Amino acid sequence: MMEQPHELAVEAPRTWERPVVCVPVLVALSLVGGRFPSFSTEANLYVFGAGGVLIWLGLTNRVPRRPAPQRLASGAVWWTLPVLVFGVFEGATFFAAAGDDFPTFSRLADPLLEDRLVRSAGWLVWLSAFWGLVRR
Amino acid sequence: MMRTLAIGGFLVGLALFGLVEWLARREGSRIPTLGEVCAYVMRYEVGPVPVGRIGLFGFWWWVGWHFLAR
Numbered sequence: 082m083m084e085q086p087h088e089l090a091v092e093a094p095r096t097w098e099r100p101v102v103c104v105p106v107l108v109a110l111s112l113v114g115g116r117f118p119s120f121s122t123e124a125n126l127y128v129f130g131a132g133g134v135l136i137w138l139g140l141t142n143r144v145p146r147r148p149a150p151q152r153l154a155s156g157a158v159w160w161t162l163p164v165l166v167f168g169v170f171e172g173a174t175f176f177a178a179a180g181d182d183f184p185t186f187s188r189l190a191d192p193l194l195e196d197r198l199v200r201s202a203g204w205l206v207w208l209s210a211f212w213g214l215v216r217r
Numbered sequence: 036m037m038r039t040l041a042i043g044g045f046l047v048g049l050a051l052f053g054l055v056e057w058l059a060r061r062e063g064s065r066i067p068t069l070g071e072v073c074a075y076v077m078r079y080e081v082g083p084v085p086v087g088r089i090g091l092f093g094f095w096w097w098v099g100w101h102f103l104a105r
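Protein chains in written order, with the working numbering: chain A, 82 to 217; chain B, 36 to 105.
Bound conformation, chain A alone (with noise of 0.2 Å):
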């Protein structure tokens, strides 16, 4: 039998790494996520343990990753800006630790995250862009 060459050796992607088994898994945390007030115990073990497990897969080599580009292009420069204004403003409002009248981005936001709803959400962008990143 003829060995099959290297690149046209596509190899099938494992159950749980495809979109019709991952996404619901990262829903039905973040629904579970949302139920956690902050400042709970719940919310500090839950957030240590999924961290802690995107970490270990993320360290070790059981989940398969995209090849990274060998270097980035010049236009990666104009990822400095939306950096710097966003920078900028959060170390102003930081610094100037003047509460709600000059607000910083988490006391802005800590009010919309008491919502269960856009606390599921927050947990869903988090735990996505945190897969992503273990895929990288």
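These aren't lab readings, by the way, just hints derived from the structure by calculation. Be careful, since some hints might not be right.
Sample of chain A residues with no beta-carbon within 12 Å of chain B, all distances over it, derived [said to hold, decoys possible]: (1) P100; (2) C103; (3) V104; (4) P105; (5) V108; (6) V166.
Taking CB as the label site, the calculated pair distances span [what the hints assert, rightly or not]: (7) B/V86 - A/R143: 13 to 23 Å; (8) A/E195 - B/V86: 29 to 39 Å; (9) B/L58 - A/G130: 34 to 44 Å.
On a predicted model such as this, the values are computed, not experimentally measured, just so you know. Beta carbons are placed, not taken as given, at the ideal position from N, Cα and C, and that holds for glycine.
We have chain A already, so just place chain B on it with the hints.
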């Protein structure tokens, strides 16, 4: 006044993230996507230690803890 400035500044920052990502996803764009930038940063290693990977995972873990647990 200052509160409006802060809200406006953060909204502009977030909108710029979206705009640059949109520009990066266009056909033939010279701008890498945010995912590609992250993947490049995560390649950084000092000896056998994946410093870039640990740093980015640690940062994102902290973001989750900061917004969702406290």
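Checked hints:
| no. | hint | result |
| --- | --- | --- |
| 1 | P100 | holds (16 Å) |
| 2 | C103 | holds (16 Å) |
| 3 | V104 | holds (17 Å) |
| 4 | P105 | holds (20 Å) |
| 5 | V108 | holds (16 Å) |
| 6 | V166 | violated (4 Å) |
| 7 | B/V86 - A/R143: 13 to 23 Å | holds (20 Å) |
| 8 | A/E195 - B/V86: 29 to 39 Å | holds (37 Å) |
| 9 | B/L58 - A/G130: 34 to 44 Å | holds (37 Å) |
Checked against the numbered hints above, the structure breaks only hint 6 and satisfies the rest.
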